[in-house]
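For the protein sequence lines, the chains are G and B, in the order given. Position 146 of the first sequence, counted from 1, bears residue number 146 in our numbering, the numbering being contiguous throughout. Going from the second sequence to our numbering is simple: count from 1 and add 1000.
Everything labelled a hint here was simulated from the structure, so no lab data went into it. Since the model is a prediction, treat every value here as computed from it, not as a measurement. For every residue, glycine included, the Cβ atom is placed at its ideal position computed from N, Cα and C. Please note that the accuracy of each hint is not assured.
Which chain B residues face chain G? A few, computed with CB under 10 angstroms, are given here [claimed, not checked]: (1) A1336; (2) F1339; (3) L1361; (4) T1372.
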Amino acid sequence: MNAPETQLASAPYDSAAEGYNFAYLDEQTKRMIRRSLLKAVAVPGYQVPFASREMPLPFGWGTGGIQVTAAIIGRSDTLKVIDQGSDETTNAVNIRRFFARTTGVATTRRTSEATIVQTRHRIPETPLTDKQILVYQVPMPEPLFRLEPRVAECKKLHALADYGLISVKLYEDIVHHGSIATTYDYPVIVNERYLSSPSPIPKFDNPKMHMNPALQLFGAGRERRIHAIPPYTKVRSLDFDDHPFEIQRWEHACALCGSKESFLDEMIVDDAGKRMFVCSDSDYCHDRREQQADQTGAIAEGESA
Amino acid sequence: MYVAVKGGERAIEASWRLLDKSRRGDTRLAELSVGQIREQLRLSVARVMTEGSVYDEDLAALAIKQAAGDLVEAIFLLRAYRTTLPRFGYTQPLDSETMVVERRISATFKDLPGGQLLGATYDYTQRLLDFKLMADAQANGDDSTNGQAAQQQRAALQETPEAMPRVVTLLNKEGLIEQETPLSGAPEPGDLTREPLSFPASRATRLQNLARGDEGFLLAMGYATQRGYANSHPFAGEIRFGSVTVEMELDELGEAVEIGEIDITECQMINQFAGSTEVPPTFTQGYGLAFGHSERKAMAMALVDRALRAEELGETLASPTQDIEFMLSHSDNVEASGFVQHLKLPHYVDFQAELELVRRLRAQHAAQVEQTSQPDTGHDQEEQAA
C-alpha cells in the first residue's frame, strides 16, 4: 500500500518467522478485526467490541494496536513504530521487531516514509497525509471510566449521549484549580457525537486529530474495543466558552534542534537536578538537525567558493 | 547526551541472553527436562493448563521450564500459543459421572453410592518438611518400578468402573436441590475466546471466565464470600478427580467418537437458598471445573460461581463478590499481569504533561496566597477606619 521507493532501514531481522501466518494472526482473526474496523470507521468515535486475542506481547503493552496493525498491514507497507514519540524506546523496538519478524515488511524511522505508524502516547509532529494510517495503542478506551467504572453503565451513557458527568468533572477542576486539570488522555467529541478517548497522548497533540487527512485507528486489546477517526473528521476537545481548550507551552526550546513548536521531554542531567528539554519526537528532531547541518554546510560551501 | 532512550535494540538482545543464563542457573547441576516437570511438578502443570486453557501436559511443562517456574508467565506463554491454533470444532459435553475416579470426597454424607475415595492428597500430611527429599534422587529406588506400580494401580481402577452418581443427583430424589439441566431452547453456550466478554454475562460465559481465572484471585474472592462478603453457606457436596473420555462428533462418520482422555477436577458446592415467593426453600449449587488435579481452584471457582448467581436468585447485591462485571473483568491473570506491569513502560510524555500542570498550579497557588494575605491587611485598615 503506497510504499515509497526509498527505505531507511533495511530490516536486519530474519525474514518472516517460520510456522506463523503473515503478521502472526490467522486470516479468520484478521477478518474479524477488519469487520470491527469497518464498523468503527462507519461510526466515528464509537467503541466497537472485538474478540481480542492473546498476543505474544503482554496485555497493556500495545496488543490492541498490534492487532489492528496486523489486520491492515500488507507486504508493500512500510511500518514505523513509536513509543513516547521515539523509535528507540524498548517497547517500540520490540513491536517493530515483532512485525519485521512476522511480516518481513520494511520498517522506517521517518514519519514521511511510513504508510502505517503505530504509536503509543504521541502523534508525530510531522503532519500526516491521506496516504497514511495512524494506529494508536489504547490502554483504556472508555473516556468515562474514572467517573463510571461499569462498562455496562457507560454503554448507556454513550447511547444517550449523556455526557453531563464529564462536564461536571471539568467544571469541578476549574473550581478547585482554576483550570482543567487533565493534561493527557484529554477527552474529545468525535464527529459531534461520541465522547472518545484519544489514548494517553498529551493534550498538546489533541488539535492534530481534528480534520487530519490520515485515518486514525485505536486498538484496545485488553479492553477489547476498537474505535476510529476517519480522515477529515471533526474532533473537538471538551471545554467551556469561558475556559477554552489550551495546549501545553514551554519556556524552553529543544536543546538539540531549537524547536519551539514541538512537545518537549524533560531530562535531569546531573545530581543537582539540572534540567534539559528535548523534542519527544525523535524523527522530527533528527530531521531538523539534518536540515540545519545541510544549511550550515551549504553556507560554509558558499563562503569557501 | 540523550542516550537515555537510545540503544533499546541492543539492550533487548543482551537481556535475552541474560535471561537464558539466569533461567539455566548453575550449569554444574543437570538441566530439568520437560518430562521431569510434567511428571514431578504435575500440580503446576495442571494450573498452567487450566488457566492457559489448553489441555497439553507437555506444552504446559515446556512453558513452566521456559518461564523459570513463574506460573503466571507460563500461563501467558501457553495462551499466546493457543491463539495461533486452528479450531476443528467443539467436543460433546464431558460426562463426569462416568469419570474413572482417583479421588472423590463428599463433606455432606458419611457414606454414599460409590463411596468416599481419599486418593492422593496433601490434606492429611502433617506439613513437616521432608528432608529425605533433599537427598539425591537415586536414593529413591528404581523409578521404573514405581512408574509401573502407578500404571497398574490406574489400570486396576479402570477395570472396576463403579457407577458414581453425583451427590447432587442423589439429593434430587427428594427435590431438595435445584438441578443443572439445560433449558429447552436455551442458546448454545458462547465461546469466550472467540467473542468479547460483554455484560450481562450468561452463566455459561461466567463459568468459562472463572475456569480461566487466576487461582489466587478466585481463592481470595471465594474466601471473602465465606467471611460474609456475599450470602454464602457452602457445603462441599462433592469433589472428584479422575479421567474422563472426550468425544467429538465427526462429520465424516456422523457419530461421536472418543478422541482421548483428560484428567479433570470437578467440585459441586451445595448452598442454602431461602426461597422466594415462587420457589420454596431449596439448596442451590455452585460449580467448579479445572484441568488436572486442581482442587483449590475448583472449590474457589464453585464458591465464586454461586456468589455470582445472586442476581438470578433474587438475593440482595451487597458485595463485590456478587458483582458480575467486577469479578469477570478482573479474574484473568494474563490481562491483570500485563496491565499492572505495563507501568514499567516509559510514561515520560504523560508525566511531563503532569509536571507542567503541577508546576503551573503551584505557581498559581503561591500567587493566590500572596493576594489573599494582602487584601486581609486592607480589610483590617478599613475596620480600623470605621
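Consistency of the hints with the structure:
1. A1336: Since chain G brings a Cβ to about 8 angstroms from A1336/B, closer than 10 angstroms, the hint holds.
2. F1339: Holds. Min distance 4 angstroms.
3. L1361: Holds. Min distance 5 angstroms.
4. T1372: violated (14 angstroms)
The structure fails to meet hint 4 from the earlier list, while all remaining hints are met.
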